[in-house]
Amino acid sequence: MGRKAEYSEKPKKGPGRKARKQGPPVFRKQSFAPMEEEDKKLSHRQKQRFVKREQKKVVQKAKLQEKRAKGKQTQQVRRKTAYNSDSEPEEEEAVQPQEASSDEEVPQLVPAPKTKKSAAPKGFTDDNDAWLKPKKQKKEVEPESEEDDEEEEELEEESDAELEEGSEDENGLEEEASGEEDEEEVSGEEDEEEESDDDTAQVGKLDDLSDGEANSDDDFDISGDEDAAEASSDDEDEDDDDDDDDDKLPIERANKKLKKREAKEAQLADEEMQMTVDRQDVFQLPNEEEEAEKDLTLQEVQQRIKDVTLVLSDFKKYRQADRSRGEYIDLLRRDLCLYYSYNEFLMEKLMDMFPLTELMEYLEASEVARPLTIRTNTLKTRRRDLAGALINRGVNLDPLGKWTKVGLVVFNSQVPLGATPEYLAGHYMIQGASSLLPVMALAPQENERILDMCSAPGGKGSHIASIMKNTGVLFANDSNRDRIKAIVANFHRLGIVNAVVSCEDGTKFRNIMTGFDRVLLDAPCTGTGVVSKDPSVKTTKSDVDVQRCYNLQRKLLLTAIDCVDAKSSSGGYIVYSTCSVLPEENEWVIDYALKKRNVKLVPTGLDFGVEGFTKFRQHRFHPSLNLTKRYYPHTHNMDGFYVAKLKKFSNTIPITKEQQEEDEKQLDEAIEAEADPKEAEEETEESPEEKAPRKVLGKRAGKPSLTDVEQDLKKKKLEESKTKYVAKVFEKPVKVPKKPKPEQPQEKKGKKPQENDEKTNGNATPSKAATKKSQQNGNVEASQPENKFPKKKTPIKVHVPNKLAGKKHPANGTPSPAKPDAKKKPPANASPSPAKPDARKKPPTNASSSPAKPDAKKKPPTQPKGKSSALAKAPRVDLDNVPVLEGKPIKKQNKLKQKSKQIGQLKKSKTGANAGKKQKFKK
Amino acid sequence: MKRLTDERAKILFEKLSKYIGTNVKQLIDRPDGTYCFREHKDRVYYVSERILKLSECFGYKQLVCVGTCFGKFSKTNKLKFHITALYYLAPYAQYKVWVKPSFEQQFLYGNHIPKSGLGRITENAGQYQGVVVYSMNDLPLGFGVLARSTTDCKTADPLTTVCFHQSDIGEYIRAEDTLF
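Sequences listed follow chains S and E, in order. Under full-length UniProt numbering, the residues of the first sequence are numbered 1 to 923, in order. Under full-length UniProt numbering, the residues of the second sequence are numbered 1 to 180, in order.
In case anyone wonders, no lab produced these hints; they're calculated from the structure. Hints may contain errors.
As the list claims (entries may be wrong) - Okay, the calculated beta carbon distance ranges per label pair:
(1) Ser102(E) with Leu298(S): 48 to 56 Å
(2) Asn470(S) with Lys2(E): 41 to 49 Å
(3) Ser341(S) with Thr5(E): 57 to 65 Å
(4) Leu298(S) with Tyr60(E): 55 to 63 Å
(5) Asp6(E) with Asn470(S): 26 to 34 Å
(6) Glu56(E) with Arg481(S): 18 to 26 Å
(7) Pro91(E) with Phe608(S): 37 to 45 Å
(8) Asn480(S) with Pro91(E): 28 to 36 Å
Even glycine gets a Cβ: it sits at the ideal position worked out from N, Cα and C.
Use the sequences and the hints to build the structure in full.
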């Protein structure tokens with residue numbers, strides 16, 4: 001059965017393993033040095049003895065010094081003394097102490113022994129005298145009063161010495177030391193003489209012989225006796241005395257030293273402790289190799305995140321000297337990516353945006369789902385009634401906040417909120433708190449015409465309609481046909497009857513309808529603000545996605561602006577919102593629009609939220625961007641969101657026709673190119689834009705920019721459109737001019753229809769969508785060119801075709817011949833008057849756009865290597881017209897064809913325009 | 001968007017009058033402007049003329065929905081009302097049926113209404129009369145056709161069906177794909 005377990009409590013055998021051992025007690029200095037106190041109590045004799053002792057101490061000190069000075073020699077001498085025990089030095093030895101005592105600092109010179117020798121014989125007349133004399137001499141030197149005391153003292157000290165000896169035994173080291181000292185003292189004294197003897201050996205021997213011979217015999221005996229006696233009693237006493245002093249002093253000294261050392265050690269230990277504590281706090285950056293090997297648990301990673309944030313919070317203090325901030329940040333980013341499962345790209349973006357502490361809050365908040373909120377449909381019910389009805393169904397809710405009158409926040413619910421009869425009856429809409437904001441910013445009025453460009457699933461759209469109370473017209477558009485159904489369903493459920501739902505590419509909306517009072521653009525985005533709703537965003541988004549998004553957003557925003565009527569009595573507002581927090585998709589897009597259109601930022605009317613960035617890293621945005629609002633999960637407990645409200649103050653588009661067509665050309669390039677190389681083309685856009693005088697051409701009032709349309713129509717075959725649309729007089733579609741035909745036989749066939757397309761498009765769109773005003777402008781513009789035209793047209797005609805003719809033939813219509821043309825044309829066309837009217841736009845645009853082309857062509861080789869760098873630079877991109885890439889098949893085989901087509905178009909449009917004008921004039 | 005053919009218009013109005021009787025007139029003669037029925041992809045839409053004009057900018061394919069969809073013509077030229085028509089049917093309905101709260105959910109799942117689920121019913125409604133179904137707190141839930149006249153209902157078995165289900169607001173969720 002084994003041993004029986006004993007469960008009774010055992011007494012503890014000792015301190016537990018972990019029990020702290022008490023450190024050595026710390027005494028105050030006084031407890032070890034009670035001397036002063038004793039001093040007070042000392043009797044008279046004791047005092048005297050003390051004084052004597054003090055004196056002895058002094059003597060001892062002097063001796064010690066001497067000894068130390070002659071450390072080596074003493075030992076040699078000692079041996080000699082052993083041999084020459086009978087010789088003179090022995091006598092001198094006895095004398096020596098006296099001398100030493102009298103003269104503390106006896107110069108160790110040769111003559112000294114002589115004087116001693118002369119003095120010594122005096123005292124050695126009597127045995128007793130001899131025995132006493134040295135003492136007496138000593139006493140003579142010492143003050144008289146001490147004489148009596150000394151004897152007693154000696155007695156006392158004898159006993160003391162014995163005691164001390166006992167004590168000395170205990171501490172061996174001390175004893176040894178003192179013993180040695182004693183020996184040394186004795187021998188030292190001898191040595192001094194011996195030394196001097198040795199030194200003077202050759203010189204002084206004679207003296208010795210002559211002087212000392214007479215005394216030598218006596219001396220011998222006496223000295224021998226003396227030695228014996230001294231050794232037996234007196235010397236012992238003295239030695240003991242000395243020992244006393246010697247012992248005490250070293251002990252004390254040692255003690256003091258020890259204490260000092262201890263104190264020092266304690267201090268050091270403290271410091272070390274502090275250091276180690278600090279060091280433990282200070283995070284050690286792991287090496288890369290180590291890291292690769294390690295398998296970290298999530299908790300370790302979390303700890304490391306904390307550590308690194310601490311280090312970064314006070315970098316100077318906590319850093320490791322040899323590690324840069326970048327290394328810490330890299331590590332932190334990797335850890336954060338691991339811990340929160342973001343990809344590096346997104347984490348980097350976030351780290352750029354937020355300071356560290358806020359970043360952690362943001363990340364934490366992004367992990368937690370936002371509270372479920374619903375919006376009351378004011379068309380069918382009131383919030384109070386709805387709240388009552390839902391509470392009856394066991395829903396626990398509260399008003400969302402003071403800033404909204406329709407929001408309710410649901411804490412918990414016993415029934416599925418998406419299937420209650422109230423929901424089905426359209427009394428409320430499940431909607432994030434953040435999606436109320438853009439509609440509130442838009443502030444729709446009754447009887448307005450409002451466009452919701454990216455409407456699905458209809459939450460914001462229905463909100464707008466309910467604010468308008470089913471008056472006016474709401475256009476809800478979305479490009480995704482699958483999601484359209486959700487809009488329709490929601491609108492019907494919520495009882496919205498004033499809506500037109502369409503499925504159209506948002507970027508083309510201006511061709512369908514303009515003149516809206518307000519436009520809400522809740523642009524498609526990467527969704528970095530709604531990570532809690534869709535965690536896949538954390539890992540799936542890359543810079544290409546972001547780029548794709550903001551390109552689309554820019555296009556959409558420009559379209560939205562174009563759709564608004566600045567002259568609207570009640571409106572003229574555009575609200576742009578995204579559920580992304582990245583500045584690329586927010587401020588940057590707005591900033592772009594501010595440059596491209598006559599819009600200004602106005603306060604959103606939302607009284608909370610963080611101001612938008614006016615600068616972000618290398619970007620410097622328009623200062624008024626602080627009027628936009630940002631919302632974060634950690635500060636506002638709603639999804640990451642961005643709202644900007646723009647007011648359009650003029651229908652004119654501050655963009656020259658030249659630029660537009662330039663853009664168009666680049667657009668076409670972009671279509672050919674694949675998604676990635678966009679950046680390169682963006683770069684190319686920059687340079688020609690800057691060169692081109694901005695407002696050389698008159699403003700085009702109210703006319704939607706034609707680029708998109710044209711591009712679209714180009715893609716389709718639109719020969720029929722010629723007949724369909726009414727062309728303006730001055731830009732009437734013209735049949736291909738006869739001149740160029742022979743020159744460019746191969747290209748012509750493909751291009752004829754396209755060239756016509758361009759023109760028809762130009763005419764078609766205004767006829768369709770443009771407001772009356774724009775048409776008026778068009779007419780006005782049209783009238784001007786007729787006067788100037790003939791003058792300027794002719795030179796072009798003369799120059800260009802010749803060159804074309806000269807150069808085309810050898811090259812056979814490949815892209816290369818376009819370049820020389822482009823180079824030579826500008827001078828011809830640049831001269832024309834600053835205000836270039838519509839009709840005359842064609843020739844100059846060709847000229848300006850063609851130089852852009854070669855650039856674009858040159859770029860592609862650079863693209864592959866510089867993709868990332870190009871991204872980083874990413875200058876203000878002129879993406880007004882960069883195509884939406886979805887749904888457009890990009891085939892490489894088409895590239896060449898398209899290019900050649902474009903070139904053909906360039907030439908034709910130029911020549912064709914001229915020809916067209918000719919015809920027009922003829923008519 | 002095109003006008004309804006006479007034949008289809010006739011079918012539509014016949015159907016409407018089943019539910020709202022003479023109130024059809026009020027749908028056409030409205031004080032706030034002219035409203036009209038239009039057909040788009042076999043679906044019938046009821047919309048203000050003002051909005052209709054604006055919607056003409058859109059192409060046939062791009063236009064998804066204008067105003068309120070009432071129903072859809074089948075290939076055999078029969079009109080089936082969608083639940084979306086409830087918005088206009090409910091206010092003008094002449095004959096109504098109220099279901100008990102306990103049966104609300106059942107009805108929203110597409111079940112016919114048995115006598116046991118019947119809360120209230122309009123007096124003197126005949127058999128096969130189109131009715132709008134309400135919950136007891138006057139929330140329109142859908143519409144259907146009476147299986148029995150009001151008088152028959154009073155004597156009917158608790159389990160016998162009183163009202164056939166035609167459409168209910170649960171379809172917004174159940175049939176979103178097919179509805180629009």
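Quick check: does the Cβ-Cβ distance between aspartate 6(E) and asparagine 470(S) fall within 26 to 34 Å? holds, 30 Å
Cβ distance range 28 to 36 Å for asparagine 480(S) and proline 91(E), holds or violated: Distance hint for asparagine 480(S), proline 91(E) holds at roughly 34 Å.
Range first: 41 to 49 Å. Now tell me if the beta carbons of asparagine 470(S) and lysine 2(E) are that far apart. violated, 25 Å
Given the range 55 to 63 Å, decide if the beta-carbon distance of leucine 298(S) to tyrosine 60(E) lies inside it. holds, 57 Å
Looking only at beta-carbon atoms, does the pair serine 102(E), leucine 298(S) fall within the given range of 48 to 56 Å? Because 50 Å falls inside the window, the suggested range holds.
For the hint 37 to 45 Å, verify it against the beta carbon of proline 91(E) and that of phenylalanine 608(S). Since the Cβ atoms of proline 91(E) and phenylalanine 608(S) sit about 40 Å apart, the hinted range of 37 to 45 Å holds.
18 to 26 Å was suggested as the range; check whether the CB atoms of glutamate 56(E) and arginine 481(S) agree with it. holds, 21 Å
Satisfaction of the hinted span 57 to 65 Å by the C-beta atoms belonging to serine 341(S) and threonine 5(E): Since the Cβ atoms of serine 341(S) and threonine 5(E) sit about 60 Å apart, the hinted range of 57 to 65 Å holds.
Hint check: a violation occurs at hint 2 only; the rest are consistent with the structure.
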